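Enquirer: Chains as they are written, first to last, in this note's numbering: chain A, 37 to 426; chain B, 37 to 426; chain C, 37 to 426; chain D, 37 to 426.
Read the hints as simulated data drawn from the structure, not as lab findings. Careful: at least some of the hints might be erroneous.
Copies of the same chain are indistinguishable here, so a pair counts whether it falls within one copy or spans any two.
Stated by the list, open to error - Straight-line alpha carbon distances no greater than 25 Å define the calculated DMTMM-like cross-link-like pairs of lysine to aspartate or glutamate that follow:
(1) K159 x E384
(2) K217 x E307
(3) K217 x D327
(4) K146 x E255
(5) K195 x D212
(6) K308 x E374
(7) K226 x D250
(8) K195 x E374
As the structure is a prediction and not an experimental result, all values here were calculated from the model.
Protein chains: 4
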Amino acid sequence: MINKIKMGMVGGGAGAFIGEIHRMAAALDSKIELVCGAFSSDPQTCLHSGQSLGLDASRCYASYQQMFATESTLSEDERMDFVTIVTPNHLHFPVAKLAIQSGFNVLSDKPATFNLAEALALKTLLDDSSCLYGLTHTYIGYPMVKEARQRIIDGQLGKIKKVVVEYSQGWLASSDDEASKQAMWRLDPKYAGISCCMADIGVHAANLAEYCCDDEISEMCADIAPTVTGRVLDDDGTVMLKFSSGARGVLLASQVAIGEENRLNLRVYGEKASLEWSQLEPNSLWLKFPDQSTQILRAGVGSLSPLTLANLRTPAGHPEGYIEAFANLYVNFAGQIEAKKANQPSPEYAEDMPGIHQAVRGMAFIENVVASSQSQQKWHSFTLQPMSQK
Amino acid sequence: MINKIKMGMVGGGAGAFIGEIHRMAAALDSKIELVCGAFSSDPQTCLHSGQSLGLDASRCYASYQQMFATESTLSEDERMDFVTIVTPNHLHFPVAKLAIQSGFNVLSDKPATFNLAEALALKTLLDDSSCLYGLTHTYIGYPMVKEARQRIIDGQLGKIKKVVVEYSQGWLASSDDEASKQAMWRLDPKYAGISCCMADIGVHAANLAEYCCDDEISEMCADIAPTVTGRVLDDDGTVMLKFSSGARGVLLASQVAIGEENRLNLRVYGEKASLEWSQLEPNSLWLKFPDQSTQILRAGVGSLSPLTLANLRTPAGHPEGYIEAFANLYVNFAGQIEAKKANQPSPEYAEDMPGIHQAVRGMAFIENVVASSQSQQKWHSFTLQPMSQK
Amino acid sequence: MINKIKMGMVGGGAGAFIGEIHRMAAALDSKIELVCGAFSSDPQTCLHSGQSLGLDASRCYASYQQMFATESTLSEDERMDFVTIVTPNHLHFPVAKLAIQSGFNVLSDKPATFNLAEALALKTLLDDSSCLYGLTHTYIGYPMVKEARQRIIDGQLGKIKKVVVEYSQGWLASSDDEASKQAMWRLDPKYAGISCCMADIGVHAANLAEYCCDDEISEMCADIAPTVTGRVLDDDGTVMLKFSSGARGVLLASQVAIGEENRLNLRVYGEKASLEWSQLEPNSLWLKFPDQSTQILRAGVGSLSPLTLANLRTPAGHPEGYIEAFANLYVNFAGQIEAKKANQPSPEYAEDMPGIHQAVRGMAFIENVVASSQSQQKWHSFTLQPMSQK
Amino acid sequence: MINKIKMGMVGGGAGAFIGEIHRMAAALDSKIELVCGAFSSDPQTCLHSGQSLGLDASRCYASYQQMFATESTLSEDERMDFVTIVTPNHLHFPVAKLAIQSGFNVLSDKPATFNLAEALALKTLLDDSSCLYGLTHTYIGYPMVKEARQRIIDGQLGKIKKVVVEYSQGWLASSDDEASKQAMWRLDPKYAGISCCMADIGVHAANLAEYCCDDEISEMCADIAPTVTGRVLDDDGTVMLKFSSGARGVLLASQVAIGEENRLNLRVYGEKASLEWSQLEPNSLWLKFPDQSTQILRAGVGSLSPLTLANLRTPAGHPEGYIEAFANLYVNFAGQIEAKKANQPSPEYAEDMPGIHQAVRGMAFIENVVASSQSQQKWHSFTLQPMSQK
C-alpha cells in the first residue's frame with residue numbers, strides 16, 4: 037500500500053473560502069491526505085471543522101503551536117508531512133516560522149509574510165533548515181502558463197522586447213463593497229500592510245511575468261492610489277517596468293475595474309514571435325508571428341512541453357480550471373516531499389514550484405512599488421532592501 | 037467525526053483514463069472516500085492499482101462478484117455505500133445488475149447498458165429494489181447548464197421554438213486514428229453495439245437538450261453514416277428533431293470533424309429570448325433578446341439560480357471545468373445516499389442528477405436514431421420499444 | 037481620361053434600403069458612375085430621387101421601359117453600360133428580360149426571378165444574347181470567403197466530408213415584427229412566392245456552401261415551417277444535404293432566432309483539415325488540423341490567394357465589411373463589362389462572380405426545399421425541373 | 037439637381053495607399069465629387085493619376101500652388117469646395133496654409149503639421165479666416181466609438197476612474213521591415229519629426245481616449261524608446277496618464293508588437309459601469325456592471341444614440357469597417373461645408389468631427405510625450421508650449 041502525503045492545515049475553518057479551495061486542490065489527485073489541523077483560533081470551531089472533514093478529534097488542535105508540538109511527537113508513519121498555511125495574511129510568517137523550527141515542511145498561501153523583512157527572515161530560517169517551502173502563486177499552476185514559459189525559454193519568441201501584464205478586478209469598486217470581511221482586512225493597513233491592490237493581485241501579475249519570461253524586474257516607475265474616498269491603501273495602479281534582460285513592460289492592476297472578474301492577462305512580445313494568455317480562458321495560448329497566421333495552442337492538442345503535460349489531467353476538449361491549477365501546486369510540492377523522504381532529487385515537474393525565492397521577490401515587489409509610487413523620481417531600482425519605517 | 041460516503045469502484049485500473057477522472061471527481065470535495073475496488077479483470081493489476089490508491093490489499097478484489105459478495109458481509113460502518121462502474125461499456129449492465137441484486141447503490145459511467153433492452157431490464161430491477169442509481173452524463177454537471185435549464189423552466193425564453201445542439205470531435209477523422217485502444221472498441225460492433233458516434237457523443241447532446249429544455253424528443257429524422265472506408269458504424273450524423281412541446285430542432289454529432297475538441301454547444305430559441313452555451317467556455321451563458329443587448333451570464337456573477345450556485349465552488353473569475361462538472365454528479369449522488377441513510381428525502385440539489393430515466397432515454401435515443409437513419413420514411417416516432425434483432 | 041463604367045438603376049428610390057446599399061457599393065471604388073435611373077413607379081419620386089443623387093432630370097425616367105428605350109438611342113459614350121435592378125422581387129425578372137431584349141447588361145439583386153420557371157426563361161434569353169448577367173449574392177464577395185474556396189479547391193482540406201452552413205436571424209420572431217413593409221411582403225405568397233425564410237436567406241447559405249466547396253447539392257431532406265400563428269410561409273427550417281462529391285451536410289436557416297443578427301456561418305470538414313468562417317467577423321478564416329494548433333487566417337496577413345487579394349482594399353488591421361463585399365461584386369461585374377467593351381476575355385477576378393448559373397440554382401434550391409419539406413419521403417433529388425402548379 | 041460637394045486632392049497619386057482610402061471614403065456616399073487634384077510632385081504622375089480617376093486634364097494640376105491659384109479663379113459652381121491633403125506628413129502644413137490663404141476649406145490627413153509650433157500657427161491662420169478645417173482621426177468615425185462617448189457623457193459610467201488605451205502593431209518589429217517606403221520615412225527624423233510610434237499611432241490612442249471620455253490629458257509619465265538597433269526614433273512606448281477630471285490612465289503604443297494588426301482598444305472604468313471597445317471588432321461595445329451581466333451593444337441593435345445612428349449605414353448584422361468610419365469623417369465635414377454654403381449652423385452630426393483643436397492637442401501630445409520620456413522627473417504637465425529646439 038502506497039502511503040499518501042500527510043497534510044496538516046492551519047486556518048481554513050468552516051466558512052473560509054480559501055481554506056476550502058486548498059482542501060479541494062490537495063484532495064483532487066488522491067496523493068495527499070488531510071490528517072490534522074488547527075483550523076481556527078476558536079477551539080470549538082476548530083473541532084467542528086475538523087470533524088466535518090472526517091478528522092478524529094485527537095488531530096483537531098486548539099492552536100498551531102499545539103499542533104506542531106504534538107505532531108512532532110508522532111511517528112513518521114503518522115505525523116503530518118507538511119503543513120499548509122491558510123490563515124489570515126499577518127499570521128503566515130509566525131506560523132511558517134514555528135513550523136520550520138519544529139521541522140515541518142511548509143506550503144503557504146500567498147503572501148508569504150507581512151513584509152519584506154519577514155520574508156528575508158523566513159529565507160534565513162529556511163537556509164538553516166532542511167525544510168521544504170512552497171508558496172501558492174496559483175496562476176503559475178496553469179498548464180498553458182508553463183507552455184508559455186517553455187516556449188520563451190526555448191527561444192521561440194527570440195529576445196523579449198516587451199511584456200504587458202494585467203490583473204484587473206472590480207470587487208472593491210465602491211465603498212459599499214467594503215462591508216464584507218474580505219474587503220475590510222484587505223483595506224486595513226493593520227492587517228494588509230502597506231498595500232492593498234498591489235499586495236493582493238499586482239504581485240500575482242509580477243510573478244506571472246517573471247516566471248514566464250524567466251526574467252526579473254530590475255527597475256520600475258509606479259503610480260498607485262486609492263480611488264475611493266476614505267481609503268488609505270491603493271486599490272488601483274500602473275507600473276512601468278524594466279527587466280534584467282533589457283526588456284521593458286507595464287503592469288496594470290486594479291480592484292476597481294467594474295465588471296472585470298479576474299482579468300489576469302499576459303502578453304510577451306519578442307523579436308521573432310509573441311504570445312498571449314488569459315486566465316479567464318486558461319486552456320488557450322495564442323502565438324503570433326510576423327506576417328503569418330496566428331496560432332491557438334490548446335491544452336491537450338498537438339505538441340506541448342513535458343512540463344505542460346505533467347500539469348495536465350485531461351485530453352483535449354475537457355476544460356481545466358482554477359482548482360486544477362491550484363492542485364498542480366499541491367502535487368508538485370508533494371513530489372518534492374516524496375523525493376525528500378526517499379532521499380532523492382526532486383523530479384523536474386516537482387521543482388517547478390514557487391518557493392522562498394518567489395516569496396522574497398513578491399514581498400520586495402510590493403515594497404518597491406510603494407516606494408516608487410511615493411517618489412518623484414521616475415525610475416526606481418528594484419531592491420531587496422526592506423523599507424526602513426514599518 | 038462525520039463519515040464520508042464510502043465508494044467502491046469496478047474498473048478503472050492503472051492507465052484507464054476515465055477511471056482516473058472518476059476518482060478525481062469523487063475526491064474533489066472530500067465527501068466521498070474510496071474504500072474498495074475491483075479495478076481490473078487481472079488480479080495483479082487490480083491489487084497494484086488499489087494499493088497505489090492507498091487501499092488495503094484486503095479491499096482490492098479480484099472480481100466485482102467477489103467484491104459485492106465480500107462487501108455485503110461487512111458492517112454498515114465499513115462496507116461501501118455505493119459502487120461506481122467505470123468498466124468497458126459492455127460490462128456496465130452486468131455489473132450494475134449484480135450490484136443492485138447485492139443491495140448496493142450504483143453510479144454508472146455512460147452508457148448505462150449495451151442496448152435498450154438491457155436498460156429497460158435495469159429499470160425493472162431498480163423499480164423492485166431500494167437501490168439508488170445515477171448515470172454520469174457529465175455535461176449536465178456544469179453550473180451554467182443548470183442555469184440554462186432554470187431560465188427556460190422559469191419561462192424567461194417563452195415557449196421554445198427551436199433547439200440546435202451539437203457535439204463535434206475530430207479524433208476519429210482518419211483510419212490512422214483507429215490504432216488506439218479507445219478507438220478500436222468504439223468502432224467494433226461487438227463492443228460498441230449498433231452505433232459509434234451517436235452512442236458515444238450524440239447521446240450526450242440529446243441528453244443536454246432534453247435536460248435544459250425540460251422536454252423530450254418525440255420524432256426524428258436521422259442521417260448517420262461511417263465516413264471512413266472500412267468502418268461499419270457511424271462516425272458522423274445529423275438528426276432533425278421534434279419535441280413533445282412542439283419545438284423543433286436539429287442535433288449534429290461528429291467524430292470526424294477535424295480540429296474540433298469537444299465542441300458541445302446548445303442553442304435554444306424561444307418566443308421571448310434565446311440562449312447559447314458552449315462546453316469549451318463552460319462558465320458563460322449567452323442570453324439574447326429581440327432588439328436589445330446580448331447579455332453574458334457568468335458563473336459567480338450576479339443573480340443565479342440556487343441550483344446553479346449549489347453546483348459552483350468558486351466566486352467569479354475562477355474558471356471551473358470538466359472535472360468540477362463531473363464532481364457535481366458525485367456530490368449530488370452522495371447527497372442522495374446521505375439522505376437515504378438518514379431516511380430523509382433528498383435535497384433538491386441531489387435530485388438534480390441523471391438516473392435510470394435518462395439511462396433508458398439515452399439507449400432509446402441511440403436505437404431510434406439508427407432505425408430512423410435506416411428508414412426511407414422521413415419522420416420516425418421516438419419509441420421505448422427495443423429494436424427486434426439483437 | 038479613363039471613362040467610368042456607366043450604370044443605370046431600376047428601383048431604389050428615396051427610402052429604399054437596398055438601393056442605397058447598391059449605390060454605395062457601386063460608388064466605393066470610383067470605377068462606376070450612376071448616369072440614369074427609373075427609381076420608382078411614381079414619376080415624382082423618381083425625379084426627386086434621381087436629382088438628389090446628382091442626376092440630370094433628362095436621365096430620370098418615369099419607367100424602366102422608357103429608360104431602356106431612350107438609353108438605347110444614346111451614343112455608346114453616353115448611354116448606360118449596365119442596369120442594376122433593385123426593385124421589389126417580383127419585378128426582377130420582367131425588368132431583366134426587357135433589359136436583355138434591349139441589349140443591356142444586367143446586374144440583379146437577389147433573387148433573380150420569382151420562381152424557377154422564370155429563371156430558366158432568363159437563362160434561355162441570356163443564352164441567345166450577348167448580354168452579361170450578374171447576381172448580387174453579397175456574401176460571396178467577402179475576401180476570406182474567396183480564400184476559403186481557394187484553399188478547398190487547392191486540396192488543403194482533402195476530400196470534403198461534411199458541410200455545416202447556417203443563416204440565422206431573429207427579426208421575424210414575433211407577429212409584431214410583421215408591421216414593417218419589409219416583413220409584410222416577405223411573408224405574403226403573392227410577393228414572396230412559395231417560401232419566406234429559405235427564399236430570403238436559406239438560398240444565401242446554399243450558395244455560400246456550393247461556392248466555397250465548388251460542389252453542388254444533389255439531394256436533400258428538408259423540414260421547414262412557419263412558427264408564428266397565422267403565417268403561411270416558412271420562417272425557419274433545417275435541410276439535410278448530400279452533395280455531388282459525396283459530401284454530406286446540413287443547412288440551418290431561421291428568421292425567428294431571437295437575438296441573431298445575420299449569423300451566416302460556414303464550416304467545412306475535410307479529410308485533412310477543416311475551416312470555419314462567420315459573416316459577423318468576416319475578416320477571419322479559421323483553419324483546423326488534426327492534433328495541431330488552429331490557425332486564424334486574417335485578411336491582409338500572410339500568404340493569401342491572388343483572388344482574395346484582388347477583393348481586398350486595405351492592409352491588415354483595417355476591418356472591411358458588408359459594403360466592401362458588395363462593392364466587390366460591382367467591381368468584378370464592371371471588370372467583365374470593361375473586358376467585353378475591349379473585346380477581351382474577362383480577367384479571372386472578374387469572372388469570379390455569381391451569374392445566371394447561380395440564379396437558376398438558387399431558384400431551384402427554393403423549389404426543391406419546399407418540395408422536400410412537403411414530402412413524406414426522406415431524400416429528395418435536387419432537380420432543375422420547375423414545380424408544376426404555379 | 038442637387039450639387040455634390042466638390043473636392044480637390046493634394047497628394048495621393050497612383051500607388052499611394054492612403055490617397056486611395058481617402059478617395060473611397062469620399063466616394064462612398066455619393067455626396068462628394070472629386071473635381072481636381074495635384075496628385076504628385078511629378079506632373080506626369082499627376083496627370084496620369086487624375087485621368088485614371090476620370091478627371092479632365094485641365095483639372096490635373098502640376099502643383100498644389102497652381103491648383104489653388106487656378107481653382108480660385110473658377111466660379112463657385114465649378115471650383116472645388118474643399119481640398120483634402122494626403123501628401124507625405126511634412127507637407128501637410130504648407131499645403132494647408134496656402135489653401136487657407138487661398139480661401140479653401142481644408143480636410144487634412146493626420147498629423148496636421150510637422151510639429152506643435154506649426155499646429156499653433158495653423159490655428160492662428162484659421163482663427164483669422166472663415167475656412168473650415170477637419171482632421172482625419174479615422175477611429176473617431178466608428179459608430180460604436182460615438183456610442184461610447186455618448187454613454188460616458190450621459191453619465192452611465194459615473195465619474196471616470198481609469199482609462200486604458202492601446203494601439204499596438206507589429207509591422208516595424210525588425211529591421212527588415214524598414215525596407216518599405218512607408219517604414220523609411222516614418223523612422224527618419226527628417227520626415228517624421230521627433231517621434232515615430234507616438235506620432236504615428238500613439239496620438240490616435242490619445243485622441244480616442246480624450247474624445248470618448250470628453251476629457252483632456254493633463255499630466256503624463258512616458259517611457260518611449262527605439263527597440264531595434266540603429267533606430268533613433270521610438271517604435272514602442274508606455275505613457276501613464278492623468279486627466280483634467282482626475283481620472284488616471286495608461287496608454288500603450290507599439291509598432292514592434294509582432295502579430296498585432298491594429299490593436300486599438302479602449303477601456304474606460306467608471307464608478308458605476310465600464311466599457312470596452314476594440315477596433316478589430318468595431319461594431320461591438322461592451323458594457324460592464326458591478327455584479328450584473330456584461331452587455332454587448334451592437335451597431336444597429338437596440339437603442340443607440342442619434343449620433344451613433346447618424347454614422348451608421350446598415351441595419352444590424354452587416355459589419356461596417358474602417359472605410360465606413362473614414363467615410364463618416366468625409367460626410368460630416370461635407371455637412372459642415374453644406375451648412376456654411378447655406379449660411380446655416382452645422383447640424384450636430386457634422387460638428388462631431390476632429391478639427392484644429394484636436395490638431396493642436398495631437399501635436400502637443402507628441403511633444404509632451406517626448407519631453408516626458410527624456411525627463412528624469414516622474415510627472416510632466418501637459419503643455420501647449422512648443423519644445424524649444426526644433
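Enquirer: Taking 25 Å as the upper bound on the Cα-Cα distance, should K308 and E374 be classified as within, between, both, or neither?
Expert: Answer is neither: 40 Å inside a copy and 45 Å across each miss the 25 Å cutoff.
Enquirer: Quick one: K217 to D327, C-alpha cut-off 25 Å, is that within a copy, between copies, both, or neither?
Expert: between (50 Å within a copy, 18 Å between copies)
Enquirer: Pop the pair K195 and D212 into one bin, within, between, both or neither, using alpha-carbon distances up to 25 Å.
Expert: This pair counts as between: shortest inter-copy Cα distance 16 Å, intra-copy 46 Å.
Enquirer: Regarding K226 and D250, is the shortest C-alpha distance of 25 Å or less found within a copy, between copies, in both, or in neither?
Expert: neither (34 Å within a copy, 39 Å between copies)
Enquirer: One pair to classify: K217 and E307, alpha carbons no more than 25 Å apart. Within, between, both, or neither?
Expert: Only across copies: K217 and E307 sit 22 Å apart there, 46 Å inside one copy, limit 25 Å.
Enquirer: If the cutoff is 25 Å on CA atoms, where do K146 and E255 land: within, between, both or neither? Let me know, please.
Expert: within (23 Å within a copy, 35 Å between copies)
Enquirer: For the identical chains here, do K195 and E374 meet the 25 Å Cα criterion within one copy, between copies, both, or neither?
Expert: neither (37 Å within a copy, 52 Å between copies)
Enquirer: Indicate which option fits the pair K159, E384 if close means a Cα-Cα distance not exceeding 25 Å: within, between, both or neither.
Expert: For K159 and E384, the Cα distance is within 25 Å only inside one copy (22 Å; across copies 50 Å).
Checked against the numbered hints listed earlier, the structure breaks hints 6, 7, 8; every other hint is satisfied.
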